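Novice: If you want the building blocks of each chain, they are given just below.
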Amino acid sequence: MELLASGQPTAPTTRPGRGAVGGFVATTGAALAAAGVLRTVDPHQSGHYPTCPFLAVTGVWCPGCGSLRALHDLLHLDLVGGLQRNPLAVAGVAALAVAWVCWGLRLAGRDAPHPTRIGPRWIWALLGLVLAFAVLRNVPGWTWLSPA
Amino acid sequence: MSYGQPPPPNPYGGQPYGGPPAGPPPSNNLVWAILSTLLCCLPLGVVSIVFAAQVNGKWQSGDQAGAHDAANKAKNFAIASAVVGLVVILGYIILVVAVGVGTT
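Residue numbers (the working numbering), protein chains in the order written: chain A, 1 to 148; chain B, 149 to 252.
Each statement offered as a hint is correct.
Stretch-level coverage of chain A by chain B, calculated; a stretch enters the list once three of its residues show a Cβ under 8 Å from a Cβ in chain B:
#	region
1	52-65
2	89-100
3	113-121
4	126-132
A few chain B residues that don't get close to chain A, going by computed Cβ distances all over 12 Å:
#	residue
5	N224
6	I227
7	A246
In short, the hints are calculated from the structure, not lab data.
These numbers were taken from a predicted model, which means no experiment stands behind them.
Just so you know, even glycine gets a beta-carbon here, dropped at the ideal spot from N, CA and C.
Bound conformation, chain B alone (with noise of 0.2 Å):
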């Protein structure tokens, strides 16, 4: 009697249920969250931190389509940090060179 033959691979690639999805994982921009809360001194930083965050723990429990969601969020709150910060920093130098506040 046979018994047959083994089991054919996963072709799935054997990713266990609920595990990390294959492939990199999508950029969390950790390093931006920390560097606009820290310099921007603004509830953005916050922000990133959540989303840098979500993308971690979507990642790890296999929800693929949500972790690159937050991590594109996180993409943008860092652009927005930045672009936020060079506004004020410019802002300021017109204010100080045009107008003469902080002279005094």
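Okay, chain A solo, but in the shape it has when bound (with noise of 0.2 Å):
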């Protein structure tokens, strides 16, 4: 715990670790590493990646399903293709990309948001929103949710 870094205005000047920069670096790596193999090796055809295995299991879509082929679908700049598999996934994608920013805002001395400083009414509203798309994406007429 860093005692000294409670209730002081923001310091531009306090530089950010070896680590942090490296974990950034890092995980900034991976995710490209990802979306390359995520574009090049198509989800869409059985065989590539493993069934959900929640899907496996009980036969009911999770609010993950479809989100391989989503970002497939946004890594080849289908918008409306990633909608259609998983537009949780595609909202979700986006906030990540604003955590991402902001982390590096951050690292780089400026002050952005962090998900600490997140009111929790939003945490449990994303929550509740979770919860309703897995239910909605398996009931009849809202299918439209569903990969399928």
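Mind docking these for me? Both chains are given alone in their own frames, and the hints should help you get the complex.
Specialist: So this is what it looks like as structure tokens:
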């Protein structure tokens, strides 16, 4: 715990540690590598990736089902295709991209939002959204939310 | 008549009762929760979101110990979902390579 950081105004002079920058670089590299694989190896063809274990066991779509296909479509700049496969994954990737930018800004000494500063109500709302999405995409009439 | 000295400054930092404690809040691992929800296909991610919300809620209401407790649980669930995800992927690779499932 860094007690010195408490209560002080944003101090751009405090340099981030080498480990913090290394974590950012490693995460960025891993994300780019995963994006490269996902763009090349098409998840629309069965056998390229494992089926979602939740779907395989229960036969019910989970909130993440179709996210690989959605991300593959996004990497080919097919936003409509991505939304058809998993709209939550498209929104989630956008949110993660914002979090990544804010992380980089904080490492650069800028004042940027941090997940610990999000109001708890918004995280509970996210939980409700995920649960509603999980139920609705299995309900007849709402199958446009499912990857099929 | 002297009105005496001004009141001494609050030795505890003037933290309003019920507000967030001083110091950096514990990490709620919300990014890991979203990642495991979208990519691990397991209820583990949903549980992680619950703990992430608890971390921020307890911290903002001044419950420092509770926030750290929830943060630990959020971290453990993030690790668990990553391990489960890796085990599933490795198990699938073993099935495909050794047994030949999925080649038909």
